[in-house]
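Fit chains E and X to the given chain G structure using the hints.
Residue numbers (my numbering), protein chains in the order written: chain G, 1 to 292; chain E, 1001 to 1293; chain X, 2001 to 2440.
Misleading hints may appear alongside valid ones.
Subject to a maximum C-alpha distance of 20 Å in a straight line, what follows is the list of computed EDC-like cross-link-like pairs (lysine to aspartate or glutamate) [unchecked claim]:
no., chain 1, residue 1, chain 2, residue 2
1, X, K2422, E, D1152
2, E, K1202, E, E1187
3, X, K2261, E, D1152
4, X, K2340, X, D2042
5, E, K1123, X, E2269
6, X, K2371, X, D2128
Here are a few chain E residues that sit away from chain G, every Cβ distance over 12 Å (derived from the structure) [said to hold, decoys possible]:
no., residue
7, A1024
8, I1105
9, T1144
These are computed hints drawn from the structure, not numbers from a lab.
Ideal placement from N, C-alpha and C gives every residue a C-beta, glycine not left out.
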Amino acid sequence: MQRTVPIDNKKIGNTSKGMRKLGYLLLYLVLAAVAAFQIFPLVWLLLFSLKNNQEVFNLPPLALPSSPKWENYSKVWNAGNIDVYFFNSVWITIVSTVLTILVASLVTFAITRMKWKGSSFVLGLFMVAMMIPVHSTLIPLFNMFSKLNLINHPLSLIASYVAFNMPITIMILLGFYYALPKEVEEAAVIDGCSVNKIFFRITLPMTSSVLATTGIINMIYNWNEFIFVNTFINSDQYKTLTVGVQNFIGQYTTDWGAIGATLMISILPILIAFIFLSDKIVEGIAAGSVKG
Amino acid sequence: MDKVMSNKKIIALYILPALLFIIAIVYVPIILTGYYGLHKWNGIGAMEFIGLENYAALLKDQTFWSSAWHSLLLAIFSTLSLVIYLVVALVLSSRIKGSNLLRKIYLIPMLLSSVAIAQLWLKIYHPTNGILNSFLASLGITNTPEWLANPDVVLYALFIPILWQYAGFYILIYYAALKNIPKSLEEAATIDGANAFQIAYKIKLPLAMEVVKVTIVLALVGSLKYFDLIYVMTNGGPNGASEVMASYMYRIAFKSYDFGYGSAVGFFLLIICLVVTWIVRKLTANKDQTQYS
Amino acid sequence: MFKNKKMLVLLTLCFTLLVAGCGKNAGTNQESDVGNSSNSGDKITINFMHLWPEGVSAGQNKIVNEIINEYQTEHTNVTIKTEVLDNEQYKNKLKVLSASKQLPDVGVTWAAGFMQPYVEGGLFAQVDDLLTGSLNDKFVAGTTEAYALEGHTYALPLEFNIAPIYYNKAIFADNNLQVPTTYEEFKNIVKVLNEKGIAPIALGNKDRWTGSLWYMYLADRIAGQDVLANAIQGAETFKNEGLTKAAQEVQALVDANAFNKGFNGLSNEEAKSEFLNEKAAMYLMGTWELPNFTTNTEISQEFKDKVGFFKFPTVEGGKGNIDSWVGGPGVGLFVSENSKVKEEAKAFVEYFVQKWGERSVTGAGVIPATKVDTASIELPQLYTDLFNEMNKASSVTLFADVQMPANAAEIHLNQIQALFGKTVTPEKFSELHDSALSSQ
Chain G
1 MQRTVPIDNK
11 KIGNTSKGMR
21 KLGYLLLYLV
31 LAAVAAFQIF
41 PLVWLLLFSL
51 KNNQEVFNLP
61 PLALPSSPKW
71 ENYSKVWNAG
81 NIDVYFFNSV
91 WITIVSTVLT
101 ILVASLVTFA
111 ITRMKWKGSS
121 FVLGLFMVAM
131 MIPVHSTLIP
141 LFNMFSKLNL
151 INHPLSLIAS
161 YVAFNMPITI
171 MILLGFYYAL
181 PKEVEEAAVI
191 DGCSVNKIFF
201 RITLPMTSSV
211 LATTGIINMI
221 YNWNEFIFVN
231 TFINSDQYKT
241 LTVGVQNFIG
251 QYTTDWGAIG
261 ATLMISILPI
271 LIAFIFLSDK
281 IVEGIAAGSV
291 KG
Chain E
1001 MDKVMSNKKI
1011 IALYILPALL
1021 FIIAIVYVPI
1031 ILTGYYGLHK
1041 WNGIGAMEFI
1051 GLENYAALLK
1061 DQTFWSSAWH
1071 SLLLAIFSTL
1081 SLVIYLVVAL
1091 VLSSRIKGSN
1101 LLRKIYLIPM
1111 LLSSVAIAQL
1121 WLKIYHPTNG
1131 ILNSFLASLG
1141 ITNTPEWLAN
1151 PDVVLYALFI
1161 PILWQYAGFY
1171 ILIYYAALKN
1181 IPKSLEEAAT
1191 IDGANAFQIA
1201 YKIKLPLAME
1211 VVKVTIVLAL
1221 VGSLKYFDLI
1231 YVMTNGGPNG
1241 ASEVMASYMY
1251 RIAFKSYDFG
1261 YGSAVGFFLL
1271 IICLVVTWIV
1281 RKLTANKDQT
1291 QYS
Chain X
2001 MFKNKKMLVL
2011 LTLCFTLLVA
2021 GCGKNAGTNQ
2031 ESDVGNSSNS
2041 GDKITINFMH
2051 LWPEGVSAGQ
2061 NKIVNEIINE
2071 YQTEHTNVTI
2081 KTEVLDNEQY
2091 KNKLKVLSAS
2101 KQLPDVGVTW
2111 AAGFMQPYVE
2121 GGLFAQVDDL
2131 LTGSLNDKFV
2141 AGTTEAYALE
2151 GHTYALPLEF
2161 NIAPIYYNKA
2171 IFADNNLQVP
2181 TTYEEFKNIV
2191 KVLNEKGIAP
2201 IALGNKDRWT
2211 GSLWYMYLAD
2221 RIAGQDVLAN
2231 AIQGAETFKN
2241 EGLTKAAQEV
2251 QALVDANAFN
2261 KGFNGLSNEE
2271 AKSEFLNEKA
2281 AMYLMGTWEL
2291 PNFTTNTEIS
2301 QEFKDKVGFF
2311 KFPTVEGGKG
2321 NIDSWVGGPG
2331 VGLFVSENSK
2341 VKEEAKAFVE
2351 YFVQKWGERS
2361 VTGAGVIPAT
2371 KVDTASIELP
2381 QLYTDLFNEM
2391 NKASSVTLFA
2401 DVQMPANAAE
2411 IHLNQIQALF
2421 GKTVTPEKFS
2431 ELHDSALSSQ
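Here chain G stands alone, though its shape is the one from the complex:
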């Protein structure tokens, strides 16, 4: 880093301060504009979930409903099984996510910390798996699950979600594991800790921030997943919200108010979970940065 020729700071002092303020203002404006652009959909969604079809089609998108039709929400919640779908979405998402994170962490730990010959091959295996377009595995998977009597069983969903989310979770974890300093772990080994102890007591907690990140990513994918549920699950007992939502979007009629309400209901848990977890990220990062 070169030293710049010392400039008379006092001279440029005032103008550079003004420039800095202007710069900051511009930055804020841009960031705020982007934020507005991002949040606009939620606002719009809320609006049309409270309208009836006529208002949706006739009035401009951002027009306020003449009177908020909360009955759209009650209609959707009561009309067949939304609560069942909701519950299914919740528990299947959580179970799949936790399972994925755990299994992915185990593998990433083994690849980055343990010494063995096949590590790059196994890693390559997961990277290649990321390329696979989901739709082309539908029919073979269905055949396989039906032979195992797992059709219309949530296990088929959980297994599929874990498998398909594994590569990306591993990839994200990988970057962090590489950047994570090994000193603490090495010290533990010298202290005589077993590998399991190191993993569960040291490494996992150290990666808590990225675990939260991958947790969010997994949850979002699982929560919004559609095609597997549609193919593997028959009965209302195990269906999730995404398929339930599709039941309202039909061929001949579209009840926009009901769709909006359903979508709002389907977003809220994820939104809440995100708000909750994202604070944890900050916590984890703060803890980490004090250390490093």
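Positioned in the frame of chain G, the structure of chains E and X alone reads:
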């Protein structure tokens, strides 16, 4: 130390669950798909082995190659937009007030399901009632574009919601990576007299590079096999103007009942993704691979 | 903090195992859900998959459940389990199930080209015997034929539709327009409405089959019904002068701004809303739309009173007549050839078709494929008028995309969108159709 870290039993235990999942649910089906691709099969009746005929037809298939071109365009756009996300993440990770809130807001589109996003953007692009055209009309423009009906425009019109859907995702990853950079480095550089730009460019970026490389691959591959919004919003239309490889494959298998050929397309898509990834890794591989041994 | 995490992980694992354990029992019980019901004693289960979810097709859904309940009451040893999906999901699911030969005992299918691969794959049972029983001569002419291949019938139709042009009587009156009987008059209407800034026709061609209706009618009126029918079968070339002219007329309509803005990227639903919101004056659609113009309480009575219909006008010098319609049977019920309860399933289908025919009009506004005694039921005027038209129809040509085999149908639909979008010439349009149909 090495002895502990090369305990074969532990290694096996740690990698087995993941391997099991990936092989049973991803690899076996894809091999089956490759197998189906060697047959003439409508998905219902009997399969007829025809060797590489499907692949030969694929090479001559104009619609496929035009869809491949569209996928490539999407991949290019996605990768280029990574720069924007990186910049945003850089800004966010520095001492800016409200970065916490902004970060959460940016991620919101990611929370919506493709169905929701599709419905929203269909409305935005609506030729007469859509917010976009209403706004343009209010500026006095009379012949507002037909965003989803005009074959010259439709593909690019679709890129916007796709990018918008994933922006928050990449910003989040970059943000986490940047946050992981020890503050001490930044402080030392500031003491040395470096300004914000220099810190960003010379310190933060290189340290986050590994993660950036990961996201490049993610963006490329994700774009190549992208399906959701294309399918829901335009169904690849009008007449293939917005078709991408994955939607083309789906259409062939599930609409035209040509599961043999559809499987071949699916398998070919996989090969393309593999090749692209290999190329990218070769291009971005650098000497510091040894750093991590 | 991590201690809690560990607990969470442990709990989740336990939970998973628990669920797997309980689920396994459910799983084995569900074994019978995929069309493999066992015949233990007298009790049998019939698996019925249909596409009328309550949220979307409330009327049909209600009728289905009523019929099922009645059947179960009359046949106490029979349990009927339903699986309900919406249209797109249904098609998807059917495909996946058929690939592993696990079709439900009773299901819904479309006619002709759609049905063909299933029949050729030996998945649908023949139902000829049902036609000679209580349903003998009950079907409208031409409906069961669409469900027959090589002399055998493989499904029983449940719906019958024709496609009139619905129009907004108030808009016509305001602009001094009369119902057209010739195509020249029709083009004039388009011109007048355009000058007034009203979209003449509501069309949502993203779905493509909607545009196909327009092409088919023009083809019928210009080239004549038999030429069109033969061409679709692949027995006549599309390069026929009349058919090419029909394609040209389609593009002429587009040039004349006959359709709502952005139509080639709008779905049928969005186009329909243009008509419902009186932004467009005319809407060519099937009689399945009738509930929206008659009984649907969500649509204002004021609007419903404004809806009338007219037949597609004749073209000067063309070979088609005004009583020739585009339409045909809608969905039908099939019985799986591999069903373990085939005979019982067939009996149920026979019962269902009968009861459905009695109730579908009044209960769901759906016209069944079985003949309806219009004198004995109270019907809205539009229904009565359309029933009359159906009775005096000279011919009904089945929708092209249903008739053609799946591959050709896709090409046809894509080319329709290209034709309307003016990215293909009428000549190329015909050429592509020929090559698509000849390669079948």
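Status of the hints after comparison with the structure:
A C-alpha spacing of about 12 Å is found between K2422 (chain X) and D1152 (chain E), which places the hinted pair at or below 20 Å, so the restraint holds. A threshold of 20 Å between alpha carbons decides the hint, and for K1202 (chain E) with E1187 (chain E) the separation of about 14 Å falls inside it, so the pair holds. For the hint pairing K2261 (chain X) with D1152 (chain E), the CA-to-CA distance comes to about 16 Å; that is within 20 Å, so the pair holds. A C-alpha spacing of about 13 Å is found between K2340 (chain X) and D2042 (chain X), which places the hinted pair at or below 20 Å, so the restraint holds.
For the hint pairing K1123 (chain E) with E2269 (chain X), the CA-to-CA distance comes to about 13 Å; that is within 20 Å, so the pair holds. Taking the CA atoms of K2371 (chain X) and D2128 (chain X), the gap is near 18 Å; set against the 20 Å cutoff, the hint holds. The beta carbon of A1024 (chain E) is not kept farther than 12 Å from every beta carbon of chain G, the shortest such distance being approximately 7 Å. Non-interface status of I1105 (chain E) relative to chain G is broken: a Cβ of that chain comes within 12 Å, the nearest being about 4 Å off.
Separation of T1144 (chain E) from chain G is adequate, the least Cβ-Cβ distance of about 15 Å exceeding the 12 Å criterion.
Checked against the numbered hints given earlier, the structure breaks hints 7, 8 and satisfies all the rest.
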